[in-house]
Every structure is written in structure tokens, then in C-alpha cells.
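J.: Quick note on numbering: our numbering labels position 159 of the sequence shown as 159, and the sequence is numbered without any gaps.
Rather than coming from a laboratory, the hints here were simulated on the basis of the structure. Among the hints, a few may not be true.
Derived DEER-like restraints, expressed as beta-carbon distance ranges [as the list claims (entries may be wrong)]:
hint, residue 1, residue 2, range
1, 16, 369, 40 to 48 Å
2, 142, 323, 20 to 28 Å
3, 177, 56, 52 to 60 Å
4, 234, 111, 24 to 32 Å
5, 321, 112, 54 to 62 Å
For every residue, glycine included, the Cβ atom is placed at its ideal position computed from N, Cα and C.
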Amino acid sequence: MEADYLYELEPLMWDEESFNRLLMWAVENDASDIRLESGDFIWIRVNGCWKKVTQRTVEINEAKALIEVISGDASSSSRVMGGKEFNFAHEVRFERMKKKRFRGNATGAKRLSGNGLSIIFRVIPEIPPRLETLGLERPLLEGLFPEKGLVLITGVMGSGKTTLLAAGLRDIIEKGGRYVQTYEDPIEFDLTSIPGASGPVSQTSVPDHLASFLEAPKNAARRAVDVALIGESKERETIHKMIEMSELGLVAYSTVHTRSVHETPSRIINIFDTNDRPAVATTLIEVIRLIVQQRLVERCDKPGRIALREYLVITEEIRAQLRELNFKDFAPALKELTRRHGQNLLQDAIKKFNEGIIEEKVVLSLKKEFGDLH
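Input sequences plus hints: build the corresponding full structure.
T.: If you want it as C-alpha cells, here you go:
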């Protein structure tokens, strides 16, 4: 075990107070995630690499008790052990009027000793970073703020999608004049705490404040919302409502799990039944304004990670080309359009390699994944 990551205050039995101390210690050590699983040690992730930080494994009863007390839901452990994942938010208060926020997920897990319980805590900064600190290219920065329509940020878990979106919303909130509303499960960044807000901001947790994401479009319309965020869009019903919301004349932002710009529309369309796909494809192409793919990779010039970004701003010219295609041909067309009119991951990686920011192995890995002409 690396001495730098040994937690020296490990208790004989974890309770809420002792675990909160561990969480704050992890934050001080620049951890992005903390993992607790029955039958295993506790791990933290720093700069994308997992580090073991305890000397004993967690008992199943400790894990069950922790999820119940931390989430405030006495039935949470039994539901998770019964096969249902459980998402929750957690706050650790420190000093006067200060708090650190975490996003939690609890899922059942298989251990040698039997069924177990795995809990992941994602560290959430108090407020989003400023957009100018993220190094966005000018075309991407300009395309991030359409007057209306749909903006999609894509990537795998832990790729910084939510941070990028939240930074964009912070920019909108600080510039003012627009009503920003989020629908999340759970709420991540606290947008209401952004200093100097020049427009109204509301955040709604589903299902705590609103029964489901299916009610979001109607709710946004009734509340005269200008800018809306729908947390993560992965189920068909949520994606359908995301598209519906973007037809209301407001700007809708959301995240999806895909690995490239060009496959994102097809992935969304194929979630729907075969008979519904042509209509969904037509609507999606009319409302979409920007697709961004983001990945975090190790830097070689200094400690930490940097974002590689792929993006395509959907202009009216590009939209006109897509209207002429069968939706089954969107992916190859968008791949070429991204290369010519936007930026793909390989192009960004080559640029950052030439600048001495990342190692050549990242470029070679992307060439192997997508091909030289990605």
C-alpha cells in the first residue's frame, strides 16, 4: 500500500461520523471517487488511478448500516440487496455554513463470501468551474449556447460530462437574462450557490420534487423556463421527453453514454421501436444543435488529466444534408462531417501530443480504436 494514501484514522467499525471523516480526507487528497464494498478494502480514485487506502475489509453489516444512515432511507440496503440500484446525494458539513457534496450509487455485488453491497461516492465541487478554465476550442464554445434546441454531451462515466455542462450553465447564470431549470437524479452541482447570479435558477430532484422525468417538459413549459437540463438520458422514456422538451423553444441540455459524436444520433434513435424510429430521427435532426464527446486522459507535462474533445456544431447546412439521408446512414455521414467541419478525438489527440501535453500512446490507442482517418 502506498504510504501517501494510507488512511491512518481507520476505525474498528465504520459509522457515519468516521466515514464522513474519510470522505473529507479523500477530498483533501484530490480524490474524484471513493469506493466502499463489503468484503473489500476502501479505495479512492486520484487522477484516474485507484488507490487502496484501508488495511481491513468492510463487513456487510457496516456497508448496509452506512447506506441506510447516509441516505436517510432505512429500506435502501434491502432494496439494493434485492437487485435495485440506489442513487442518492450526500453532504458533509464542515466549519460554519460550509459543506462538501457527493453523488452516491449503491449496487449489489458478488463476493466470495456471498452477496455483497458496493457503494461509490463521486465528489461534487460546491460550484462548477468557470468555462474559461476548461480550455474549450472557440467553435465549440460558440456552439454551446444556441438560442433553442438540444445540446448533448457524451462520454463514458467519469469523463467530465457533468462538469462541462455545469460550467456552461454557470456561464448562462452569470450572464443572466434567462431562467435556468434542472431536472436531476440526484442534484449534483449546486447552481443556486453561484455568486453573482443574474437570472433565476431552480433545481428539481427526481423523484423527490417531481415524480418522474416524464413530467419535465410540461413542468418546464408551465414555469416559462428558458434553459433546461435533464440529468442523464439513458432510458427510452427520458430520451423521448428530452427531445420533446427541446421542441418547446427553449435550450435543452443533457448527457448520454456514447463513445463518439457520429454514433450518438443512431444510438438514440435505435432505442425506440422500429416503427417509431423514422419519426424520432426526423425530430432529432431538427432540434439538435451540438454534440460533444469528451474523454479524460493522463497528461505527461504535469500531474493530472486533460480532456480530449470531439464535437460537431449542427449548422443549417449540415441539417439540410442530414434531411436527405435515411437515418440508417447518419453515422457514416456524421463521421465525415465531424472530421471536416468539427473536430474528432484523434485530431485533438494529435494536437495535444504535438504540444507535448499527452504521450504518443494515447494517439496510437485512438488510431487502433477508430482508424487513422477517424
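J.: List in ascending order the numbers of the hints, as given earlier, that are violated by the structure.
T.: none
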